[in-house]
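Model the full structure from these sequences, guided by the hints.
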Amino acid sequence: MDILYKVLIDPFVQMGAAPDLLVQTVWEGLVSGVLYALIALGFVLIFKASGVFNFAQGIMVVFAGLTLVGFHEMGVPAILAVILTLGVMFLLAVSVERVVLRPLVNQPDIILFMATFGITYLLIGFGELIFGGNPKRMIAEELYLPTGSIEFQTLGGFVQLQKIDIAAAVIAAIMIAALAFFFQTTRIGRALRAVADSHKAALSVGISLNQIWVIVWFTAGIVALVTGIMWGARSDVSFALQVIALKALPVLILGGFTSVPGAIVGGLIIGIGEKIGEFYWGPLVGGGIESWLAYFIALGFLLFRPQGLFGEKIIERI
Amino acid sequence: MSGMPSREDTFPKLMARNAAIRGGRAAMRRKDLGIWQTWTWSEVDEIVRAYAQGLRELGLERGDTIAIVGSNRPKLYWSILAAQCLGAIPVPVYADSVAEEMAYVLEHAQVKLAAVEDQEQVDKVLSISDRLTGLTHVVYDWSRGLRDYDHTRLHAIDDVIEAGRAAFAKDPSARAALDASIAEGKGEDISIILYTSGTTGRSKGVMLSAERSIAAATDTVTFDKLDENDEVLAYLPLAWVGDHYLNFAQGLVAGFCMSCPESPETVQQDLCEIGPTFYFAPPRVYENLLTRVMIRMEDASAPKRKMFAYFIDVAKRWGEKILNGESVPFSGRMLYALGEVLIYGPLKNVLGFSRMRVGYTAGEAIGPELFSFYRSLGLNLKQLYGQTEAFLYVTAQPDGQIRADTVGPLAPNVEVRITDTGEVVFRSPGMFLGYFRDPERTAETMTPDGWVKTGDAGFFEPGSNHLKIIDRAKDVGRLATGALFPPKYVENKMKFYPNVKEVVAFGDKRDFVTCFVNIDMTAVGNWAERNNVSYASYQELAAHPQVYDMIAAHVEEVNRSLAAEPMMGGAQIKRFLILHKELDADDGELTRTQKVRRGFIAERYQPLIDALYSGAAEADISTEVTFEDGRKGVISARVKIRDCKIWPASREAAATEKAA
Amino acid sequence: MFYREAGQYKTSYAADMAVFPIRQDLIGVLLMLAVAYVAIPMFGSEFFLSSVMIPFLVFSLAAIGLNVLTGYTGLISLGTGAFMGVGAYACYKLTTIFPGVNIIVWIVVSGFFSALVGVLFGIPSLRIKGFYLAVATLAAQFFLQWCFVRIPWLYNYNASGAIEVAQRTLFDIPITGARATPETRYFVLLTIVVVLTWFASNLVHGRIGRAWMAVRDMDIAAELMGIKLLDTKLLAFAVSSFYAGVAGACMMFLWYGGGEASDAFNINQSFNILFMVIIGGLGSLIGSFFGAAFISTLPTVLKFGLPAIGIPLAGATAEHLTHIVVGGLIIFFLIVEPHGLARLWQIGKQKLRMWPFPY
Amino acid sequence: MRAPGDGHGTTAGEVLLAVEGVSLSFGGVKAITDVSFDIRKGEIRAIIGPNGAGKTSMLNVINGFYHPQQGRIAFKGETRKRMRPYVAASQGIARTFQNVALFKGMSTIDNIMAGRTLKMKTGFFWQCLRHGPALNEEIEHRKFVEEIIDFLEIQAIRKMPVGKLPYGLQKRVELGRALAMQPDLLLLDEPMAGMNLEEKEDMSRFIIDVNNQYGTTIALIEHDMGVVMDLSDRVVVLEYGRKIADGTPAEVSADQKVIDAYLGVPH
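Residue numbers (this note's numbering), protein chains in the order written: chain A, 1 to 318; chain B, 1001 to 1660; chain C, 2001 to 2359; chain D, 3001 to 3267.
Think of the hints as simulated: they come from the structure by calculation, not from any bench.
Note that the coordinates shown come from a computational prediction; the quantities given were computed from them, not determined experimentally.
It is possible that part of the hints are untrue.
What the hints assert, rightly or not - List time: in silico BS3-like cross-link candidates among lysine-lysine, alpha-carbon distance up to 27 Å:
id : chain 1 : residue 1 : chain 2 : residue 2
1  : C       : K2349     : D       : K3104
2  : B       : K1304     : C       : K2351
3  : D       : K3200     : B       : K1632
4  : B       : K1306     : C       : K2349
5  : C       : K2129     : D       : K3104
6  : D       : K3159     : C       : K2351
7  : C       : K2351     : D       : K3119
8  : D       : K3164     : C       : K2010
9  : D       : K3119     : C       : K2010
10 : D       : K3164     : C       : K2349
11 : B       : K1574     : B       : K1632
12 : C       : K2129     : A       : K48
13 : C       : K2349     : D       : K3159
14 : C       : K2351     : D       : K3104
15 : C       : K2351     : B       : K1306
Here it is as structure tokens:
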């Protein structure tokens, strides 16, 4: 009985008793959810346009962050470093297209998926070789990102918000809006949407498949850089992030592999869910459940709605 | 043991002997249901006896005839043996003969029973059954599709065998009666009637006696040192003398195992699996095989191709000498040994020839290059010359006396004479008794003193005892100039080129020699692919100027070699054309054994021949053809004609000609 | 080139269905076994045995396990590392509780625990496929990894949190623990691998293997033919995890000799084994060996090979280089031969059989 | 084409499968509307209709892959409950697919052997050893499979991977796989689609032979009217998911509705 009480009742009692803590927890979940969503967004962009399940999105975030910091350490001014990093991401997109995607065109999905594993390992290797394996501090101030925190009193307690978190949420929102604008209104954007439906359609718009691949991988690179800055500003830039980036997978399952809104909503659900889970239920089993809770949430969800939040019901045909 | 003269004078007695002395050894295999089902000699003995009993109950009696129709299947071979047990006479019929051809044979042979392979053959026999008044029952091997047929006169062979077994079980005297029936069989009885397909006219039923068949087979078994450890693959038509002699008769005499392929499509695969030690194939088969080898090698990587070419060259230089036991320098032997590891051994393996000890070819002349190719790989390929009427051997090449241009010295116990007209006549141990129900043609073929006319022109090579066959005696003609024109000889020279599939030469009583050419679709098609020549059909490819150039080059080479030979200088080809369609047995242009029907072709393509001799540059022709599904249609074409270079006959050759 | 198949005809189904129906292949396998059992222990140094052969064999076993699941049944798993961990911890607990029972028994039995856990995490596979299933197995990976750290009972409340491998003997010869020589450990491991490979080969060549492949190739058709999808997939999970579990137990007891287990069974290990299977060849047992040999020996070769030929290398740089080389090779192989080393092997073999013909 | 003395189907057997008032829809789209017909033991039953008439959906309903919202299906006299497709297989329903659904990575033999899975019983232990009972069982079923290979004349491709075979042969292998299940009811979804004349004739012969030799009841979907008229004993015609005619080939081809819907349209 006791255990049932602890699992089913007590956490909610706590939530009610200290709503300020609940708000704080939700906020933190929200912020990490935004970052999950950003990584998931990178996945979705590439998956939609090329059907490639890009496992390397996580390491691209790390790589972009490290490159930025690396340039700055070499004495390059922060803004210029951002531009140079974007250049590197573009080069990366071009080389991925040339070296990996083009020779593997028309191969089964699993092969392309595995190829992105190869990219991951290459990037890890190069990153470590060039920047060393130690965590680095993100150049948040130099990029004019706000630091410090604001605190306000509410619901009978204090809620503390890091300014950088607020900035992250805002920048993420801006970027998503920009992407939506890009997809909806520009010619390239329309081509990208067309290619998701049919490769032939894309060709008829007058853009080659190869160009499209470069564009989406570059876009994913930009997203990765933004994610890297934000995440790096909250903690440090390190390779550990790569494992955390795997959390984007449950996000995708929730949101569906092809849906941008799905990626965002999924990211928030996972972020908030795991923070609340960790905070209220974690102590029951010794804590640390954050490492796997997200996957279980996704798994449970999958069993009841395999097509994801925004997907259509799949009718199996023979 | 095989060398000893056989006391058993009929095949059923040989079967019983084999069951007694090597009962546990494999007698027959067939790839069926995915594996090589095997029957030992004692199993075969038991089955055949039961089968014979079953056939007896169906009314088969001594002297009756029973048709055997189908591909190489153990049950059909057992049908032959079972019939022979009863003293009945089996009459094998080509499985691919159309109903009309079959009707003639079955009617002529007055068959009482027919043992057939499957539904297709049952349908064929049933479709002509109103003409076969004597036919009482049909037994079949494979039941698919026959379930709903009226089974009053139709029986599965398995059921017949079962009935025989049941009869033995019920009535012990039945077994004794059968034993008596086997013992009653005499050597001089007709053992089998083989109908020859014949290049002209109706087929003739060649009657062979048991003792003669066995005597001949015993001779050649000794000659080639065959014994019970040998293995053969029976893949040639069961009704053909070659299969009956080489596999059936020699198998019973030597006691070796005969394997039957799974289906006609899997012969090559089955050959590779079995790896026969004794193998026979007509030159055509070796030729196709070589063409396929060369084509496949063309797709190989450059180093491999180079290596292949190098070692084939080594083989050319030393291979035959090593095989013939001549002296070869050490370096040559070493290179050849290396080649054996790298090329010859693996090549023989993929062709299924790894275990081949003796290989024969016959039926037509074989190209010297072709012949040497196989021999240089270390395959003991030899030539024989034979006839259904001789059952089978007239001449054969003993080990160590192998040549491409002769058919070898006389086979054991065979006598040959060359008549004044140049025709080869023989007396042989396996010699036939006469044509069934055809005394007239028997008399035409067999002289009163027992010599058989072969119808082939030939001569013994001066200085050796090797026989050389030029052509069918009646086909050897003379040009208007009086020069000798052996069409087949000329044709064969052309056919030795892989690009050429079939040639028909004309020239008798004409001013010069001309010919029709059929290109080989595989070889030329492959060439076209490599040279970016596009084509949609045989017709289009055949008319292609580059193809004409290629064939013209071949003709000129042939002419050059003819010019260098004694008596043949006049037979050089002056003009030729490439036919717009492939010659086809379904259109009557080839016999069922794929031999050219010269007269028929000459008649059918008269306009083309006229054009060849009128000097025209092209001619129109339309012919009726039969498509694969049996429909008929007409195809017409405009065929181009080429002139070719004629070489002066060499002085030496000219001198011989004059002397002749 | 070495094949002489003419005359090797089969007169029984048993012969026709043999795993090595061609005599030359059988000879080749026997030869390889002879090398493994005689030549390698005789001529291999201790270093070679413990740093090359033992890791290779452990990974081969794990790769066979994953290949059963991914290659034969078509279910992607990213949780192999954790399933290996289950085996290692199960073995540790078992041998602690029942020290009298031979350790080899426990190594094998620990596979069953792993199989059980594998089945639990395989249940979702009925409803979810492909990448979705990969996520489900990630759940297993992270959850189990968490268990390995957070449940002290698993590591006997050791302060270090590590597995401590005690000495266990077979016929009085130490096979685990500090005093077990590389040779004995190698022999024990080799025997386990040979026997389990034989089982796996039997399975994939029979009814069960066909059912797995049927599900992989066309699950709808398979189900309409009466193959129960859930049973088949769960069996694949069970067998796969069994192999992974045994591999994990072997890793701890015959290779590492104890240590910080949670590190050995992390997500990277899962990826590693997945690479082995992919590079080796999906749906091929021999490919599992190739993949394991390739991925497991590559770091050793780089680490010791480069300095040996005069290129100095700091320890960390070797690791980074390994990452780059592995990544590059994965891409290279996928482009050159997406079906892995096994396909190359098969093509080579086919070429030898067809020699001198190209196909 | 019929063998002499052949009289199958004309003597009506008992009803093997009854479809009564079946309706099926996908998210509001009606695929089948109130269709009833029956299949009698031993007959060859054709289901025809223009594209999108719901023929394949009908087969999918029959073998339990789709569950109709309304109506009743009785197989061997028993009304069927909602179930997973493998239950239909174990009750004796086998099928082939419109777009060949072979196991591409496996050989011809293994594909057909897979059809025997239901009949194979030896347990996991023996399977691991592949000796004793497992081997005996494997051999016994291999024999059965070889009979089918013989029957369908596909000996030459026995050990080839099916993915590389020409289409016509793949269809034959698929038929073999279905036959391996020794079904009471064999469903063939466009067995002759995409074949040339010769292949069609071969396939027709095989279908008749299967029906004749094994007495298997066959329901087939086919587009080629000539083939249908030749092969089948009775024909049911669907259009837009409704049944518009049912009867012998002669009756059906004389039906005005059918002529309008289908026969009149050349394709």
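Outcome of the hint check:
| no. | hint | verdict |
| --- | --- | --- |
| 1 | K2349(C) to K3104(D) | holds (21 Å) |
| 2 | K1304(B) to K2351(C) | holds (12 Å) |
| 3 | K3200(D) to K1632(B) | holds (20 Å) |
| 4 | K1306(B) to K2349(C) | holds (21 Å) |
| 5 | K2129(C) to K3104(D) | holds (19 Å) |
| 6 | K3159(D) to K2351(C) | holds (17 Å) |
| 7 | K2351(C) to K3119(D) | violated (38 Å) |
| 8 | K3164(D) to K2010(C) | holds (25 Å) |
| 9 | K3119(D) to K2010(C) | holds (26 Å) |
| 10 | K3164(D) to K2349(C) | holds (19 Å) |
| 11 | K1574(B) to K1632(B) | violated (34 Å) |
| 12 | K2129(C) to K48(A) | holds (19 Å) |
| 13 | K2349(C) to K3159(D) | holds (16 Å) |
| 14 | K2351(C) to K3104(D) | holds (22 Å) |
| 15 | K2351(C) to K1306(B) | holds (17 Å) |
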